[in-house]
Every structure is written in C-alpha cells, then in structure tokens.
Amino acid sequence: MIELLLLGLLVLLLVGAALSPLESLSWWAGWYGARDALAHDHTLQEQAAAQPAVAPAAHYIVYLSGIGAISGDSVPPEETIFLDRLEARLPASARLVREVFPYSVTNIGLTGNRAFGTLWRWLEQRRLSNTNALLTNLINIRNLFQVAVSADPRYGPIANFGVAQEIISVLLREGYPLQSGTPITLIGWSGGGQISLGASTYLRGLLGAPIRVISIGGVMADDPGLLSLTHLTHLYGEKDPVQRLGGVLYAGRWPMMAQSSWNRAQADGRITLTSLGPMTHNGTRNYFDHEHEMADGQSYMDRTLAAVAGVLAEAHAAAVPAAAPASEGATP
Amino acid sequence: MVAWLEWIIWFLDAVWQGTTRALSLDPALLRFAEAHREVTGVILAVAVLAGISQLLGQSVTLFVNRVPPRQFVLSLLLNGVLFAANLIIWALTVWAVARYALRLDVQAGAMLRLIMLSSAPYVFGFFILIPYLGTAISKLLAVWSLVISVNAIMFSLNISLLVALLCIGLGWLLSQLLSATIGLPIIALRDWLLRTTAGGALTQRAEDILATFQAEASPTRPKGEQP
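These protein sequence lines are chains Y and A, in that order. Using my numbering, the first residue of the first sequence is number 1, and each one after it goes up by one. Using my numbering, the first residue of the second sequence is number 333, and each one after it goes up by one.
The shape of chain A in the complex, shown without the other chains (with noise of 0.2 Å):
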C-alpha cells in the first residue's frame, strides 16, 4: 500500500516537473526525454492531462448543450485520450516527414515523446475559462505549445528553426491528408465516441435556444416605443 502510495507521489511529481520544465524550455528535460523510452507514461499523463484541461477550459460548449454531470467528466476523460492520440499521430507524421523526405536520422520513439511535451502548456488550459481573459490564454497557450514543439524538434534533429518549421509545416500537411482520405472513418468514430459520451451533439449555441425560448414563452411582440 505505501509503496503504491510513493509511486503515485512519484508519478505526480514527475508529471509536475515535466510540465514546468516543458515550459520553460529546459534542454536538460528534452536530453533526458529524447534518451530514456521509460519516461513515456509520464509524458503521455502530460497530454491527457493537457487534453482535459483544455476542454475544461472550453467546457462552455458542453455547458450550453446541456451536459449532465455524468457525460461532462466522460466528455473530458475521453479528449485527454483523444488529445493524446492526435499528438502521436502528428509526431509520427512529423517523424515521417524528417526520416523520409528530409533525410534526418531520428527515432520514431523519441519523437514522440518531444513532440508530446509540446502538450505541456495545455495543462493549464482550465484558465481559458477565465472571463474576457481567456480567449487570449489560449492563443498565447497555442503559440507557447508551437514554440516547444519547434525547440524540440531542433533540438533532437539538432536543425535550422526554419527546417524545423518546414518539417512541422509538411508534417501538419500530411496529417491533414491522411484525416481528408484513409482517417475518414477514425475520424467518424471519434466524433461518434465524443457525441456518444456527451450524450447528444454539441452543435446549439445558447443565443439560437435563447431565441427559441423566448418565443415560446413570450406570445407577446414588442409594443410601445420603438429602440
């Protein structure tokens, strides 16, 4: 029991200095993540985490939709998950581009987990809930995670900034390739996992129900003076 207890003060831990460290870019983290394939359960709990704080951050969808408690935490378990799942399938593109195309000896596992600490600024994804704020927290939370992800791969392939932005660039263009042709049917099983664990769509916005509600419970049209 203690000793599950340690693991898991470990394990907490670990997560805590991977993000901070991601953060700021530490050379020391990415020598250390690049070298030891142990440390990939660590990095993976970085992305799920990074996953569900982002949607909590933009829970307003699933709020104004309705979701029940229930569905809401299903909902955000299940992006951590997929959040995770799109990451490594973007760090194998991005492997595949630098191996293939560019020419550039790096392993697929190493890549991975660069590529997943870029997920790193997302644990801190709930502030996009912050009023008024938020919606610049999470452009800057975008362009902070671009901005790891571009140290990594420069870092591990020890490239240019702009070859390192050309190899995500080429990267980010196969991926969107393979979602437009042979992803079709992945994507349509997250989108049904998603709707299924939320429960329905997350389609409506509130002013199009709000719309809807006021004219069911107000019979009556504008009278009076004119605005």
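Looking at chain Y on its own, in the form it has when it is part of the complex (with noise of 0.2 Å):
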C-alpha cells in the first residue's frame, strides 16, 4: 500500500514536471489571447511615456525571492524584513523594486487568476498560520521547476524574455528613464539567482543598461545571461548544500567545461564567490535569520544585509560616481 502511494506521488511529481514549461511555451504561443507574448505594437519608449511621472532613481535594485514565493507582494517574513532593513540602507538615489514574482512570465502570483488560484490561496493561508506546513512544499516545488525551466536550453529563452518584461514594467512604473543607461542590480536569493541570470539577457538587450547580479545561495546553471552581465556576485553559506547543486548538476559549471558560459564569466573576473560563513540554505542560521547570532555576536540576516550592502555601495558609486557611500542614506 505505501510503495503504492510512493510510486502515486512520483508520477505526479513527474507529470507535475513535464507540465512546467507549459505556462511559458502557451503564453510564448499566444494562447493567452490579450496577454500575448510578442503582441506589443508600441516600442519601449511607448510603453514608458504611457506611465504615470515618477522621479527617476540613479540605480535601480530588483529583488527576485526564493522558490518559497507566492507573488511578488507575499514572500517569506524573513524576507520582508530582510528587505525592509536593506531599503532603510539605501542612498536616497538608489530605489529597491521587490514587486516581481520570478517564477511566471506574466507576473502573475500563484494566488492571482489562476487555474489552480484557490489551491494556491488556501496553501498561503495554511503557511500564514503555520510556517512548517509539510503541504507548504508545494509551492517549492512549483517554483522549483520554473527555475529548471529558466535554465534549460529548450526553454530559458522564452521564460526568461517573459520574466525579462515583466521586471521591465515594474521598472518603467517606477521611473525608470529609457535611454539613460541607468544601472539595474537584480538580487536574487536561491533559485532567483539563477532566474536574475536568465534574464539578465534580455534586460541588457531591451534597455541597454549595465546588470549586475547579487546571488544570495543562489542555484545557478552555466547560463548564457552571464556574458551580457557587468558583475555577480554569489554570496554562500559554507553549511548551504543547496546552492552547491548548481555547480554539480550543471555541467557547464564544471571546471572541464573552459567553453561554458560560466567558466569565461570567471576567466574574465565577473564572478566573485564570497563565503558569509556557517550559513545553512534553510531552518535556523540561514541567511535570513535575524533571531540567531554569529561567532562575532552579528545576527546571520545582519551579515549578509552587510555583505548585500557592500555590494551595492560599489555598484552605487560605479552608477553615480559622487554618492554618498550606500549605508548613509535614507529610504527614497
């Protein structure tokens, strides 16, 4: 009866598999109808002029979150902290975006016009009362394969132009000047390390900005967003499994590959790894904890807050040379 079940939930976990790249390939298709992929008869500057005015920021910061996301507004707690923290960081010229949801290519939360909406809905609520729901899983799973999607050669292209736009009229809403070359630096934690990756490609190609990346234990393939990226860096746990995944099941990160995408971003000097110490990917003392304490009496959420902000400064001062250093600043 149990190898019933168990052998039950992995076809499920297989069909629910080879079911994810469905909602990118349709939506590339046009069977989304309105919501067409390439249906735009108007160019960016269109797009643009068609917002409300908003004042301009010198460096705009999006943040992709984790695979435990539901939409762009309902991530984790910690994570609202987290960022909270970093934006009170910011110089007032610097402008944090955190209304994407990275794993769909209409930026449509799991909670929005869905097919599977109300299951969704109900799994939130269940996580809102309970954070160690085992049902909770789901979502991971979910959002899970929508980033082997974005790294798949069969499929990135197109879930990563989708997600590509979608971070494009977040950015346009929030004043971002078309033609400016202002700079863009993605966070992305965990498997928003690799979906920054992927669609750092098309940012570059539609805005002609320079992108930064900042992993935070991201999973990340050898992508081939890393040749049109100005810099990322990867901010590790040493007790993080998971984001050591990516450099073992992707091949192209493997040293062998000199070829890869990955390995010539690192022969060039545009990838920095940096350790944060004991970190763990999830639970207690992960990047995110601000409960528990490092050796030297930091909290784990402030190390890698300070680390996240470290990065930003340069890539702030780099975007307006006479800023004020990133830490003295106030929320814009």
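No wet-lab data here; the hints were simulated from the structure. Be a bit skeptical, because a hint or two may be false.
Claimed, not checked - Only some residues are given here: those of chain A computed to face chain Y with a beta carbon under 7 Å:
id, residue
1, Val-392
2, Phe-395
3, Arg-398
4, Pro-401
5, Leu-461
6, Pro-463
7, Tyr-464
8, Phe-487
9, Glu-539
By construction, the Cβ of each residue, glycine as well, lies at the ideal position given by its N, Cα and C atoms.
Hey, can you piece these two chains together into the complex? The hints should help.
This is the structure we're talking about:
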C-alpha cells in the first residue's frame, strides 16, 4: 500500500515536472490571447510614456525572491524584514523594486487569477498560520520546476524573456528612464539567482543598461545571461548544500568545461564568490535568520545585509560617482 | 452502448498491457504478437499513441513557432499516424533484408507487429518535456526502443544478437536508400502535411525571434558600462 502511494507520488511529481514548461510556452505561443508574448505594437518609449510621472532613480535594485514566493508581494516574512532593513540602508538616489514574481512570465502570483489559484490561496493561508506546514512545500516544488525551466536551453530563452519583460514593466512604473543607461542590480535569493541570470540577457538587450547580479545562496546554471552581466557576486553559506547543487548538476559549471558561459565569465573576472560564514539554506541560521547570532555577535541576517549593502555600495559608486556611501542614505 | 463501452475498456487495457509488457521485454507478449494477427490493431494503437506522446514531449518546436491550439492538437494526431507509418516502412525493410538477404523464414505481418511494439517506450515520450532531465529521458527512450526491436527480432528469427543488429542496420540502410530515391515524393507529402496541419513551417528558433523583437522594441543600444 505504501509502495503504491510512493509510486503515485513519484508519477504525480514527474507529471508536474512535465507540465511545468507549458505556462511559459503557451504564453509565448499566444494561447493567452491578450497576454500575448510578442503582442506589443508599441516600443518601450511608448510604454514608458504611458506611465504616470515618477522621479527617476540613479540605480535600480530589483529583488527576486526564492522558491518560497507566492507572488511579488507575498514572500516569506523573514525576507520582508530583510528587504525593509536593506531599503533603510540605501541612498536616496537608489530604488528598491520588490514587486516582481520571478516564477511566472506574466508576473501573476500563484494566488492571482489562475487555474489552481484556489489551491495556492489555501496553501498561503496554511503557511501564514503554520510556516512549517508540510503541504506548503508544494509552492517550493512548483517554483523549483520554474527554475529548471529557466535553466533549460530549450525553454530558457522564452521563460527568461517573459520575466525580463515583467521586470521592465515594473521598472517603467518606478520611473526607469529609457536610453539613460541607468544601472540595474538584481538580487536573486536561491532560485531567484538563476532567474536573475536568465533575465539579464534580455534586460541588457532591451534596456542597454549595465546589469549586475547579487546571488544570495543562488542555485545557478551556466546561463548564457552571464555573458551579458557586468558582474555576478555569489554570496554563499558554508553550511548551505543547496547552493552547491548548481555547480554539480549543471555540467557547464564544471571546471573542465572551459568554454561554458560560467567559466568564460569567471576567466574574465566577472564572477566573485564570497563566503558569508557557516550559514544554512533553510531552517535556523539561514541567510535571513535575525534571531541567532554568529560568533562575532552579528545576526545571520545582519551579516547577509552587510554583504549585500557592500556590493550595492560599489555598484552605486560606479553608477553615481559622487554618491554618498550606501549605508548613509535614507529610504527613497 | 454497453458493448461499445466494454470494447473501449478492453481496448485501452490491451494497449496498456501491450505497452508495459513490451517495456519489460516479455517473451510471452512477443510470442502472442507474432502468432495472432488480430492484435495488429492494438499494436498499431500503441504506435500511434507513442507518436502523439513523442511529439508532445518535443512540442517546444510547435510552441516556439506559435502554432494555435487547434493546429497543435492536429499536429500531434498527424505525428501519431506518421510515426506508425514510419515504423511500418522500417519493419518492411527489416523483413526484406531478413527474407531476401539473409534467407531467413519470417512473415511480414509478424515482423510488422514485433517491430511496432518497439514504439512502446515512446508512449511515455511526453516526459521529454521535463526541464533539464527531458533530454536524457529522450535518449533513454531511444535506447529502450532499440533494445526492444533487437530483442523482438532475435526472438522472432531465432538469431544471435550480432545477426539481429546486422538485420536492423541493413534495414536502416535500405530505408535511407529508399528515402533518397523513390521515397522523395512521400517525404515531400509528409512535410506538406506537417506544414499544412501546423499552419506553417516549423523552422523558427526562439533566439532568432527574440533577437528581431529586441531590435524592434528597443532602438537603444547598450550604454554606460560595458560588460
């Protein structure tokens, strides 16, 4: 009986995995009608002109959550605390954008108008009442499949283009000035690291801006987007086996594959790997743990925050040479 | 009405049994398929289903070329028929090699049924859709299919592995020869059918479409820092 149940679960998992690229593919094929992938009959300038006037920033920072995200505005509570603290440390001329749901080409969160919206809404309620509820792992599995879609050369161009378009739409709402070359930094946590790399190709192509990526425990493939980046900083915990998976599972990250995107970017000095200490991926003592302290008395979250702010300060200094240090600013 | 329903249930069960037992190289199934011409319909259904499932697994080509839903379904069905037709041609070439080149005693119908059983792994071809693992699954299914066909030929003709491989290899060469000569009009017809069903040629790549789109959507050229 148990064997049958396990077999059933395995089949369900495989079928779920097989269905996972269909959202991006059917969107691309125009099966959604009005939400057609290439239906834009106007240029980016016209899109930008249609937005309400918002003062532009000198540096845009886009946060792409991990696989626990349900929508752009429903991420695990610890990430919200992290982002609030990060935002408080940013200079006035930088702007944090956190409304992007990185696991959908339409930026429609799982609880939005979807076929299984009711299921995801129910799971969201379960997660709010009990963060350790077993069933909420369905959210992780669903989003994990989307990370695999982003990294798959067959589907990646389509899925990553869709996410890049959604990032651009949010940036334009936040007053992003086209043709300005205003730099963009993507912060990708866990699966968001891979999505950041994937979207970079098209952000660079459509906006012509320098793109940096900060990966927090990111699980990343040897995505061609690496060749469009100004720099990738990968922050990792020494007790985090999940972030190591990218280097094991994706052959292009193996040192022997000298011509892969990853190894070429690394040879160019465009990848920095920075250890944050003994951090784990999930559970206590993870990158966003603000309750436990490290040996030096700093909380795990504060260590991550300091590292991210440090990289952002460098990026901001490159964007606005006369800007004040990142930690001295106020919330924009 | 009930009789029809019973027949459909029997038929689906027979297709499922045929598929799963072919996957496990069941000798009893091979014996039965070789001796009973009345199961040809069931085995043909396995082959058509395999063709449909295989294209579903590789449907990224249809999606990239923006094939509408109706044409998408028609393309899957057509591929099922073409996949089965291809197997029939291959079975006939293997039979011709065995019968006339190797002087082996075999019935064309029996060979047809046994070779078509080798399509069974592709009934699970839609798993090729699985991101990242799909490419490996595709290769696994191809090898599995080959193993079934070699095993079926060894069983049917009572020959060694080497002779069975020779039979398949020569059959393949013969089919290539036919494709390049008298088969050309048939191939042209097949391509025309695929194009017409899908509503256009399936030759575009997502990367090329995106490059054009980016050039049209953004007249800006990269500014600021160079990567």
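Structure-based check of each hint:
Because the smallest distance between the Cβ of A:Val-392 and any Cβ of chain Y comes to about 5 Å, under 7 Å, the interface hint for this residue holds. Look at A:Phe-395: its Cβ gets to within about 4 Å of chain Y, closer than 7 Å, so that hint holds up. Because the smallest distance between the Cβ of A:Arg-398 and any Cβ of chain Y comes to about 5 Å, under 7 Å, the interface hint for this residue holds. Checking A:Pro-401 against chain Y by beta carbon gives a least distance of about 6 Å; that is within 7 Å, so the hint holds.
The beta carbon of A:Leu-461 is positioned within 7 Å of a beta carbon in chain Y (closest approach about 4 Å), and the interface hint is therefore held. A cut of 7 Å between beta carbons decides the hint on A:Pro-463: the least distance to chain Y is about 4 Å, and the hint holds. Because the beta carbon of A:Tyr-464 sits about 5 Å from the nearest beta carbon in chain Y, less than 7 Å, this interface hint is met. Interface restraint check for A:Phe-487: the shortest CB-CB distance to chain Y comes to about 29 Å, outside 7 Å, so the restraint is violated.
Using the Cβ-Cβ criterion of 7 Å, the hint placing A:Glu-539 at the interface with chain Y is satisfied: the shortest such distance is roughly 5 Å.
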